[in-house]
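*Asks:* Read off the chains here:
Protein chains: 2
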Amino acid sequence: MCLIMEAADDHVVDGGVLAAPSNFSMVEDGIYRSGFPKPENFGFLTTLSLRSIIYLCPEPYPEENLKFLEANNIKLFQFGIEGKTDPPTPMPEDTVLDALRVLVDVRNHPILIHCKAGKHRTGCLVGCLRKVQSWCLSSVLEEYQKNAGVKWRQRDLNFIEAFDTASLRQCLLSIMYRYHGYGFKRKRLVHEEENVQTLKPQAAKV
Amino acid sequence: MCLIMEAADDHVVDGGVLAAPSNFSMVEDGIYRSGFPKPENFGFLTTLSLRSIIYLCPEPYPEENLKFLEANNIKLFQFGIEGKTDPPTPMPEDTVLDALRVLVDVRNHPILIHCKAGKHRTGCLVGCLRKVQSWCLSSVLEEYQKNAGVKWRQRDLNFIEAFDTASLRQCLLSIMYRYHGYGFKRKRLVHEEENVQTLKPQAAKV
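Same order as they appear, the protein sequences are chains F and A.
Residue numbers for the first sequence follow our numbering, so the first one is 1 and each next one is one higher.
Residue numbers for the second sequence follow our numbering, so the first one is 1 and each next one is one higher.
Isolated chain F, as found in the complex (with noise of 0.2 Å):
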């Protein structure tokens, strides 16, 4: 007899094991981040459903990964953000709202972000998204720490830190509006009462 649990389900070959893509971590139920998934990871990839992957990178994507994606009928945001060190490129702000607008939207979910190390670009998007969770600033940081190990920015950890998740509201608040009664299963997203007198905070869950 053997019993394995449902990740390792089909897509095991006799004997076969899982190769995860390099520096992969779990973020959030049906998020996850890695480094640049090579051909031998898309096995695993398959275990995880993806929705969509978020690439953050300005390069092409490479042939064999599109036609993974298209097989298994996965939708590419890509985000082209230098990763040039010399001289550093600033990490662009909008950019990361753009592709956190893509993070958040739980119709796009499970969805994978990666870049090339999974470290930098990956990691700043990943603060950024921990700062609209309300994570404390040191928490951020340590995430972001460990994924970058000895390779950690300092420029990185200031962006995250400026980093203004304000003008994320709008785009929460245009999800959680297409969603709102359409009984739409993920409650992910909540509604504080503030300025908006019409909808209760209990009815605005999406």
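Incorrect hints may appear among the rest.
Heads up, the list lumps identical chains together, so a pair's fine if it works in one copy or across two of them.
What the hints assert, rightly or not - 30 Å max Cα-Cα, derived BS3-like pairs, lysine-lysine:
1) Lys38 / Lys75
2) Lys131 / Lys84
3) Lys38 / Lys146
4) Lys131 / Lys67
Read the hints as simulated data drawn from the structure, not as lab findings.
Add chain A to chain F, keeping to what the hints say.
*Replies:* Chain A in isolation, oriented as in the chain F frame:
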């Protein structure tokens, strides 16, 4: 207007933030890991809606942590594994197996695993879980090392590599039988037909 994700809902005081326990990470849907939670982390932990905690140290659980558990109806599973390094205590396979049995039982989820630093004892337990999930050894060890940082120990890697997951099969089988047909929601365990003729794979999903 203010919109925040559900995890940050009721437990944020005005203008407040959530402090995750040190070395906190999500392992799987419903499984978390961290270092020892302090009272300042209780607000954060409440957002996880924990049903159980696996505590891997022999020292008694602090009174204030016990009160927090009682107030939030969280069950404590303590497995006293020595953390001494001089002389180093070998990781006890039977105890890790007992903890793993609790960990894979979805009736205990959401569950938090912690020891003191969330690096060695917790890392070994999570490593064994990954083997049950058919992760390849290099992925398992990369995750262990990412969470242990510079404190990683070769003997932990050896322990994880040598750990025999076959002994967990009977436990998983018993959980499956207990829930088979009872409409249990979480489809985390699957059954691969091998010697059991009375159950078909699809019928065996719990």
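*Asks:* If a hint holds in the structure, say so; if it doesn't, say that too.
*Replies:* Hints, one by one, checked against the model:
1. Lys38 / Lys75: Classified as within; 17 Å inside a copy, 41 Å across copies.
2. Lys131 / Lys84: For Lys131 and Lys84, the Cα distance is within 30 Å only inside one copy (25 Å; across copies 37 Å).
3. Lys38 / Lys146: both (22 Å within a copy, 20 Å between copies)
4. Lys131 / Lys67: between (34 Å within a copy, 29 Å between copies)
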